[in-house]
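Please model the entire structure based on the sequences and the hints provided.
With the working numbering applied, the sequence shown corresponds to residues 50 to 159, in that order.
Hints in this document: simulated from the structure, not taken from any laboratory. Built from N, CA and C at the ideal position, the CB exists for glycine as well. Just to be clear, a hint being listed does not mean it is correct.
In silico EDC-like links for lysine to aspartate or glutamate, alpha-carbon gap of 20 Å or less [unchecked claim]: (1) K125 - E91; (2) K51 - D106; (3) K125 - E65; (4) K51 - E102; (5) K51 - E96; (6) K61 - E73; (7) K51 - E91; (8) K125 - D100.
Now the in silico label distances, taken between C-beta atoms and shown as ranges [to be verified]: (9) Q129 - K61: 15 to 25 Å; (10) G72 - N93: 12 to 22 Å; (11) E60 - G128: 28 to 38 Å; (12) D54 - R94: 14 to 24 Å; (13) R135 - T98: 17 to 27 Å; (14) D54 - K142: 30 to 40 Å; (15) T70 - N93: 21 to 31 Å; (16) G71 - G99: 14 to 24 Å; (17) N93 - G71: 35 to 45 Å.
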Amino acid sequence: MKIIDQLEVFEKTIDEASQVTGGEAAARLFTVYREVLLYLLENNRLEITGDAEQLWDYVQSYTPGALYRVASYHRKNHGQPRLDYRQLIYHTKENTLNDHKAREVLGNEE
50 MKIIDQLEVF EKTIDEASQV TGGEAAARLF TVYREVLLYL LENNRLEITG DAEQLWDYVQ
110 SYTPGALYRV ASYHRKNHGQ PRLDYRQLIY HTKENTLNDH KAREVLGNEE
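Have a look at this one:
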């Protein structure tokens, strides 16, 4: 799948999830993914005709909190409203999943 196709899937998923009861979590997650994708395209880290696997490799390396910060930064730079998600998953301080896992291990040893 190409990046452009993945962007279309994100848009459709956000729209559909926003319209069903219980779809709010999916809408939030895919909104973050969409904003991260747009940020990466804008900063020439991805190409619109590139393989979507590049995006997923990036996304899977970072915590939801780190992705949320990228999405928020991108929206702020474009004068869009804040996402203002209150769920704890979007407010982890670690950037990478490896950092987050290491913190959990250290927390369990104390």
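Now for the hints, and whether the structure bears them out:
Only pairs whose Cα atoms come within 20 Å are accepted, and K125 paired with E91 is accepted, the gap being roughly 14 Å. Our distance criterion of 20 Å between C-alpha atoms is met by K51 and D106, whose separation comes to about 14 Å. Of the pairs offered as hints, the one joining K125 and E65 is violated, with about 25 Å between alpha carbons and a cut-off of 20 Å exceeded. For the proposed pair K51 and E102, the alpha carbon gap of about 8 Å is at most 20 Å, so the pair holds.
Taking the CA atoms of K51 and E96, the gap is near 9 Å; set against the 20 Å cutoff, the hint holds. Simply put, K61 and E73 have alpha-carbon atoms about 14 Å apart, close enough for the 20 Å limit, and the pair holds. For the suggested pair K51 and E91, the alpha carbons sit about 16 Å apart, so the restraint of at most 20 Å is met. The hinted pair formed by K125 and D100 fails the criterion: a straight-line CA distance of about 27 Å is larger than 20 Å.
Checked against the given bound of 15 to 25 Å, the beta carbons of Q129 and K61, roughly 20 Å apart, stay inside it. In this structure, G72 and N93 break the distance hint of 12 to 22 Å, their C-beta atoms being roughly 33 Å apart. The beta-carbon spacing between E60 and G128, approximately 20 Å, falls outside the hinted interval of 28 to 38 Å. Evaluation of the 14 to 24 Å hint for D54 and R94 yields a pass: the beta carbon distance comes to about 18 Å.
Against the hinted window of 17 to 27 Å, the Cβ-Cβ separation of R135 and T98 comes to about 37 Å, which falls outside the hint. Taking 30 to 40 Å as the suggested C-beta distance range, the pair D54 and K142 conforms, at roughly 34 Å. Distance hint check: the CB atoms of T70 and N93 are about 40 Å apart, inconsistent with the given range 21 to 31 Å. Distance hint check for G71 and G99: the Cβ-Cβ separation is about 33 Å, which falls outside the suggested range of 14 to 24 Å.
Evaluation of the 35 to 45 Å hint for N93 and G71 yields a pass: the beta carbon distance comes to about 37 Å.
Going down the numbered hints, you'll see the structure goes against 3, 8, 10, 11, 13, 15 and 16, while the others check out.
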